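*Asks:* Residue numbers (our numbering), protein chains in the order written: chain A, 246 to 811; chain C, 47 to 293.
In short, the hints are calculated from the structure, not lab data.
Only a predicted model underlies this, so the values are computations on that prediction, with no experimental measurement involved.
Heads up, the beta-carbon is just placed ideally off N, CA and C, and yes, glycines get one too.
Don't take every hint at face value.
Stated by the list, open to error - Cβ pair distances, simulated, as ranges:
hint, chain 1, residue 1, chain 2, residue 2, range
1, A, Arg561, C, Ala114, 22 to 32 Å
2, A, Phe791, C, Val293, 54 to 64 Å
3, C, Ser105, A, Val586, 55 to 65 Å
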Amino acid sequence: MPELRPSPRWLPILGVAVLLALAALFQGPERVLTLARGVVRVEPSFRDLPAAAGWSLLRMTGSYLASLLFAWGAGYAAAVSARAARVILPLLDVGQSVPVLGFFPAAIFVFINLLGGGRVSLELASMFLIFTSQTWNLAFAVYEGIRTIPFETRAAVDSLGVKGFQRFRTLLLPACIPALLYNSILSWANGWYFLIACEIIVAGPVAYDLPGLGSTLSRAIAKGDLRLALATLLTLVTIVLVLEIAVWRPLRTWSRRFRYDTAAEEAGEAAMFRLPDFGLPALVRVLRGVARSVLHRAPVVRLGQALAATGRGSARAARVLRWPALLALAVALALATVAVVRALAPPWPPETASLPLALLLSFLRITAAYVLALLWIVPVALWASDHPRGMRALSVVAQVGASIPATAFFPVLVALLVDRFGGMEIISVALALTGMQWYLLFNLLAGVQRVPGDLKESLRALGLKRSEIHRKLVIPACMPSLVTGSVVAWGGTWNALILSEYVVYRGKAYEVLGIGQQLNRATFGTGDRTVLFLSLALLVVTVVSFNRLVWDRLYRYVHARYRLEG
Amino acid sequence: MLEFRRVYKSFTDRGRAIPVLDDVSLEIPDRQFVCIVGPSGCGKSTLLRIMMGLTPPTSGTVLYQGRALEGVNLRAAMVFQSFALLPWLTVQGNVELGLHARDLPEEEARRRAAHYLDKVGLDGYEEAYPGELSGGMKQRAGLARALAVEPDILFMDEPFAGLDALTSANLREEVLTLWSDRALPVNTVVMVTHIIEEAVLMADRVVVLTSHPGRIAADLPVPLERPRNKRDEGFDQLVDSIFEKIV
Chain A
246 MPELRPSPRW LPILGVAVLL ALAALFQGPE RVLTLARGVV RVEPSFRDLP
296 AAAGWSLLRM TGSYLASLLF AWGAGYAAAV SARAARVILP LLDVGQSVPV
346 LGFFPAAIFV FINLLGGGRV SLELASMFLI FTSQTWNLAF AVYEGIRTIP
396 FETRAAVDSL GVKGFQRFRT LLLPACIPAL LYNSILSWAN GWYFLIACEI
446 IVAGPVAYDL PGLGSTLSRA IAKGDLRLAL ATLLTLVTIV LVLEIAVWRP
496 LRTWSRRFRY DTAAEEAGEA AMFRLPDFGL PALVRVLRGV ARSVLHRAPV
546 VRLGQALAAT GRGSARAARV LRWPALLALA VALALATVAV VRALAPPWPP
596 ETASLPLALL LSFLRITAAY VLALLWIVPV ALWASDHPRG MRALSVVAQV
646 GASIPATAFF PVLVALLVDR FGGMEIISVA LALTGMQWYL LFNLLAGVQR
696 VPGDLKESLR ALGLKRSEIH RKLVIPACMP SLVTGSVVAW GGTWNALILS
746 EYVVYRGKAY EVLGIGQQLN RATFGTGDRT VLFLSLALLV VTVVSFNRLV
796 WDRLYRYVHA RYRLEG
Chain C
47 MLEFRRVYKS FTDRGRAIPV LDDVSLEIPD RQFVCIVGPS GCGKSTLLRI
97 MMGLTPPTSG TVLYQGRALE GVNLRAAMVF QSFALLPWLT VQGNVELGLH
147 ARDLPEEEAR RRAAHYLDKV GLDGYEEAYP GELSGGMKQR AGLARALAVE
197 PDILFMDEPF AGLDALTSAN LREEVLTLWS DRALPVNTVV MVTHIIEEAV
247 LMADRVVVLT SHPGRIAADL PVPLERPRNK RDEGFDQLVD SIFEKIV
């Protein structure tokens, strides 16, 4: 979450500029479209569902592992070196807030150019995109985990002479596990969201072949086969739920051991909805036994020494390669500048004039969805604060709702709503609402639960009525959670604009004027470099400055003003 | 065995150097129980960390057995106020940490951990996690972890401050018993405390530190007979005279 961190002010701006420049450099919509024409379209069918699910899961796992590796490197570097932290943390912040989907076309182009347009390049492009939706919060988790190791605990481990791999295994890694696990769950939810989005985009306008649940869904809808679409959706929901029950839940219980405060405060949550664990702990024990015996046989000490040597070697290599690397970066930047200038060279196509209006309309649509979401979520959360049983049920609903990627519902929603209710304008708000509401509900319920019971009772003892308690205590106490939820919800919705403002159903394109629609059309329809670059730039600059100017400040203010001190 | 020669230590805060220890020279011989007392924020803990080799002095030299100390002193061990056990390892795992760091074979590490857990009265708690132990038992585990590496010198940073009165009194007695036990490898103990009675009760020698920055204000022997008691003759006078030096 955003925090006050001393770092150079220009850095985020530079980060955004570099990102945009690189995107511009690699923008090549014509090439992507040309390549796509050679692809033979496959008709979707029920038989492909298991394979599609497998491919989606594989893609997710691959990019998650890559995110984890990157996150460890970045988080660790930031945690151990103040100088590195001043550069890394703001960049992570930018990475977290940039609307990633906008860069997908650029990513496809880069990988196609590098690897020659085969299946591998598409796989890598989509995995790269999922990676960029998963890794930032994991890196923050590593950073926070290492930084929050109590001073004396660290000193104790050091005083025992514990070093290298043993220090990693006994101190650093365990210290990160609770935060890492919590954020892994978020990252997987995020990843599903983008995975489905990628597959829909690739299968839709670009018409590439990337087998997966998202592409099956998108093709079924485009063909008008609602039964197949629903079956795909069901498969996806089942996978997400099975993962939640069989993987995340047991891991969450297990990870409680890795907290410093071993007080029984979490006991309530554990008892709240204990689901069968399907013998997973036993399996984990067996696996751990195997891992341990392997670890004992393996020459761990020598491995540690080898790693340390590699580290020293790469440090030396980094010193030697510093100037060439900087030179290469400078060349890339120069090329990027040329590309930007070329993309922005007049004459500008007539669509550019409508971009500011498009941005405004998109903003208004998100705002409308946000207000609608709050209208039902705030009363529900307040009601839940007085009804513990209702709270339990709602928590499960919110958790499940937030873990199912909203992007998967987009095509189905369109199929159900189109021609029935007021056309695309309403549908696009409804789509934004679908993506937004669960994050808000999830966070608001967490906020309501955090209000101490004795504080509420003390107000009741003073004779305050229920509505007064809500107004004086519960709502103010929820403000930090509300802002946190809002940041996530808005971020997700900005990202989903590219999908929610332009939908193909039964061979017909439904669209509304908006920045997401412009981006989508420029990439996959007209192939116009200028519009593409301008709309992407407009979107990125808006989102980043909105985060910096509005959400960051609100977050700080609300945390200073409404924090319940324990 | 441990010698400080004109040690200075300062921390930098927003570019400004804040002195913590100022010109500390000190010699701690073998077989001595030394207490360092002083008001909070006088740099007692920093002094102990420098002795352990956890942090280097800004200037001056630290000699251990006549040689300059570089990095963590592997012949020493330390006990902390917050116990500083790793919550994700069992008691046994915590005690074995330092043994694995010294590349002891698995069997030997296990045997030694059991031995020292028995010494501190934690027999039967090997598989317990720190979260399941009371404060007193956690500190016993911390003590066992330090003793298990069989150090020549033991540092203790306010080891009883996190415990209730009764528990700390008990543990104090036990530490004294362990120290007088010739079978233990520990030769020398340096303990930091802010309770003067505790220092007079336990130490052979009391070093008084003043604050902002920390300087040695007094260095007194404690000539009282062991075992000591708060009602012993001369106990109160000694406490009072140390108290005056701090104020």
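*Asks:* Next, verify each hint and record whether it holds.
*Replies:* Evaluation of the provided hints:
1. For arginine 561 (chain A) paired with alanine 114 (chain C), a C-beta distance near 28 Å keeps the hint of 22 to 32 Å intact.
2. The supplied range of 54 to 64 Å is met by phenylalanine 791 (chain A) and valine 293 (chain C), whose beta-carbon atoms lie about 58 Å from each other.
3. Hint check: serine 105 (chain C) to valine 586 (chain A), Cβ distance near 56 Å, so the stated range 55 to 65 Å holds.
Comparing the model with each earlier hint shows no violations; every hint is respected.
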